[in-house]
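Visitor: The lines below spell out each chain.
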Amino acid sequence: MNFADIFGGFFAALFTFLIFSYALGDNALFRMVVHIFIGVAAGYAAAVALHSVLLPAFNSQPLSSLVVPLLWIGLLFTKLSPRTAVLGNPASALLVGVGAAVAVGGAIQGTLLPQLAGSASYFSPERLSAAFGDGRFGDALGLLFNGAVILVGTVTSLAYFHFGAQSRPNQVPQRRRIIEIIARVGQGFIAITLGVLFAGVYSAALVALIERLDSLFNFVGRLARLF
Amino acid sequence: MGYASDDLPDWLKDLGSSSLPSEPEPERRAAARAASEPVPDWMASPAEPPARPESIFGDEEEGEGDVPDWLAGIRQAEGRPPDAPPPSPIQPPAPQETDNGDWLESIRKRESGSLPASDLPADDGDFMNRIKAMQSEDSAGDEDASQDWLAGLPTPEPAADASIFGGESPGQPDWMSGIQGEEPPPIEDKPDWLKGVGSGIGKGFTGDLPAGGPAWMDAPDAGADDGPLWPAEESARASEAVSQEFPGLPKEPAAPSWLGDLQPTEPSSGGAFTASEFEEATSEVFKLDSGELPDWLAQISPEDALPPPVEPQPAARPSGTPFDTGDLAPAELPSWLQAMRPVGPVGLEDLPEAERGEEERIGPLAGLAGVLPAEPDIVQFGRPSSASVGLQLNDVQRTYAVQLAQMVAAEAEAHPPRRISLALPQRAARLAIAILMLLFVAAPTYLLGNFSSLPQGPGQLPPAEIQAALDIANGLNAGDAVLVAVDYQPALAGEVEAAAMGVIDHMIIQGARLVMLSTLPTGPGQIQHFMTGTQSLNHPDYQLNSSYYNLGYLSGGSAGLLQLANDPRAALPVQLDDGRDVWAEPALAALFRLRDFKAIVVLTDDADTARAWVEQVQPALVDPLSGATTPLLVVSSAQAEPLLYPYLNNEPSQIQGLVAGLRGAAYYEANIRELNARRYWDAYGAGLTLGVATIAVGAVLGLSRNLLGGRRKTAGGRK
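One line per chain: the protein sequences are A and B, in this order. For the record, in the first sequence the residue sitting at position 219 is 233 according to this note's numbering, with numbers rising by one throughout. For the record, in the second sequence the residue sitting at position 262 is 264 according to this note's numbering, with numbers rising by one throughout.
Don't take each hint at face value.
[What the hints assert, rightly or not] Partial list, derived from the structure: chain B residues whose beta carbon lies under 7 angstroms from chain A:
#, residue
1, A436
2, V443
3, G496
4, P526
5, G554
6, A561
7, V616
8, E617
9, Q618
10, S639
11, N652
12, E653
13, Y682
14, A685
15, G693
Hint data in this document are derived by calculation from the structure and do not stem from the laboratory. Even glycine gets a Cβ: it sits at the ideal position worked out from N, Cα and C.
Work out the full structure: start from the sequences and follow the hints.
Guide: Pasting the structure below:
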């Protein structure tokens, strides 16, 4: 255990305790540590961008091929001043447009269409006939049940976000009765999903807490072994 | 002041009733007042001319009946016929001794009728033409005496002075005619040079002018147009005297315009109230019987009532009246009069340089000299104060304006951040939960030891996604390249690293060469921390750039992932510290596409990051020819697990293996060897138990409070 390990371990333990002080309420020490973390992360990100992106690009490509990228970079730097920010709009538009096109294309081809096909596959006659043909009735019913749950959950969850209402004289506009019932079912599915997500968040936070306590005990144990 | 008729004496009553029965009251009073008082000299000139038109011999048309008896007696005593007009109390001015002095004699002859009209000069009525004709002759002789300062004087009308001829301007009001007809008071101490000026200009002069006027009237226009009113020496001397006595006195300006307007514009024969007319008017007023007169009035003879004849006095020369300077001897003016003498306009070019002043250089007066200098106290430099225009507001509008101003001011005020104050029980409960959590998490790990078993017991199969991950790792051979994406934030590094430790350890055991990258800027640091802090402890020989490679940060987000899927070498042009290309390393030399990797492992704490990998990279993992798919294994945090199951359970599956959270790691380590998941598992179980218990207790407390509150409300409603 060298000095760097001791120095790093000490500040890690100190900052961990200061973060734990939030249990007593919001305080200046907690905010100070948060600000330190944000600043360190930003500085580290800038250094990584320079070291891992810009310098390798300058070293690996001829200067003539960097004229256009450098021009775009210069236009993005004009965003620093409100007076010249308009000059950076083309570069920003290029980034946003390319990013949106890539994200939308990937979402359609990688998520929407495959998920539609996967949800519909539970009701695929081929799969059901194969299951029933092999005598695996349980598997077949399981497919139907899973498919039904997915279908009901998808439809009812979408119905929950249907806010169309029919206006009546001297009454508050309300959704149709059938929509209201379907939305109630969808609200149940949404509640279950959020509960699962909360359980996952709690589980992740609990493991992070355990890892922090484990690191603290390890540091104290290593320090104890030194003395 | 009014008097009753009874208060008047009898003689006055009769006077008022019999003498002027038809006259208006104001005129009658004026006439009585004029008769009762001695007529002063200035009254010799009529102040109120009669309304009827009359000529300069106005009384020659009166009839016999209009002459009172006493006046007829007076005329008889003088040897004149009763119808002859009485002599004017104001004698015409004495003519100057000129070469043309016989014109007055012709007037007398005409008046007496001895001279027939045919003997009069043919141009008797147009004598002004003759004057103008003589003007041209005299102007040549007087041209030398003319001075420039007279050029600025207003040009008078030729011989149109009504004060001389008793004329009346048609456009003038009555009071102006009175002014013009008023005789100036005699000046006793006037100088000699003034005595000869205007002696023949009497207001009561009603005679006709002869064809050849006196010498002083020879050039009326010449004096107005060309000739000087005063000699040049006189003017200079007067100016000098003025400047000496009154150094600060400004130069006397030219005659004002209003003074020129007072001068008559054309000669007129009527309008002047002559003395004879005044006498006639007064005689009518006092046409009384002698028997009715009181004693004191009866003793007064008509001669006594008449004002004494006015000696002709040389009047002051009116402005613009010419005179013959050759007949007047120059006299010395007293100093006070010299100071009052008019000074003609003097051009700036005639002034010395010092008096002309500096030439104006700026402003609208630029180029002019002698301009009054601007004084700093008066001139305001800078922008003038803007005039404020006040709005007229009523009370309602003013109230609205005040409210609007208050609203704007309230919006501009910076409010301090609101401090959240918690009630003491709530704060105490939170602190108690924190302490319990620390105890429940720390105690099982370091105090109680491994008191719980892993989720997978001996002989049990792991979940399908864990089994798929195990199969992927088991399928690796020594030297197979595996692409590992470290895409998690440092905050959740403890969980993700605990979940990935078993998987990475398994792959290292299998002899795979890990090629690691990150789509997050903090990823390269996480790679180094993960490999040196965990794996190096178990595999000391597994070193950087020999066993595994850190390609660093892949920029561009989804676009970077797409480029990585299409051309990994172009997406990550990384050089080692010695300058060698990382893609030229023996372990990576055969890698040109992502399908060339044996497996793709994504370590992430975010479902969106995993989805981006699935959307952008997973399609590139499928060989279009053979249909073989490079497995995509996701090691994620527990919070992203529910959102990754649709990709895992899809048909065909987009994720071939999933190890999520500490639970997945525990399953995985149960099939390989126990690592950190085992160490954390007891604390994890205790923390989950405490969390569930806390939620359960909170739910019970909340439900109880709601039930109690509902009962209280019900009880309150019944009461």
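Visitor: So, for every hint listed, does it hold in this structure?
Guide: Comparing the hints with the structure gives:
1. Hint status for A436 of chain B relative to chain A: holds, with the closest Cβ pair at about 4 angstroms, below 7 angstroms.
2. Taken as an interface hint, V443 of chain B checks out: its beta carbon lies about 6 angstroms from the nearest beta carbon of chain A, inside 7 angstroms.
3. Here the hint on G496 of chain B is kept, as its CB sits about 3 angstroms from the closest CB of chain A, short of 7 angstroms.
4. For P526 of chain B, the shortest C-beta to C-beta distance to chain A is roughly 6 angstroms, which falls under 7 angstroms, so the interface hint holds.
5. Nearest Cβ of chain A to the Cβ of G554 of chain B: about 4 angstroms, under the 7 angstroms cut. The hint holds.
6. Annotation: A561 of chain B was flagged as interfacial toward chain A, and the flag holds, the nearest CB pair being 5 angstroms apart, inside 7 angstroms.
7. Here the hint on V616 of chain B is kept, as its CB sits about 6 angstroms from the closest CB of chain A, short of 7 angstroms.
8. For E617 of chain B, the interface hint holds, the least distance from its beta-carbon to any beta-carbon of chain A being 3 angstroms, beneath 7 angstroms.
9. The criterion of a C-beta within 7 angstroms of any C-beta in chain A is met by Q618 of chain B, whose closest approach is roughly 5 angstroms, and the hint holds.
10. The beta carbon of S639 of chain B is positioned within 7 angstroms of a beta carbon in chain A (closest approach about 5 angstroms), and the interface hint is therefore held.
11. Because the smallest distance between the Cβ of N652 of chain B and any Cβ of chain A comes to about 4 angstroms, under 7 angstroms, the interface hint for this residue holds.
12. Hint status for E653 of chain B relative to chain A: holds, with the closest Cβ pair at about 5 angstroms, below 7 angstroms.
13. The interface hint given for Y682 of chain B is met, as the beta carbon of that residue sits about 5 angstroms from the closest beta carbon of chain A, less than 7 angstroms.
14. With a least beta-carbon distance of about 5 angstroms to chain A, the hint placing A685 of chain B at the interface is held under the 7 angstroms criterion.
15. A hinted interface residue such as G693 of chain B counts as satisfied when its beta carbon comes closer than 7 angstroms to some beta carbon of chain A; here the least separation is about 6 angstroms, so the hint holds.
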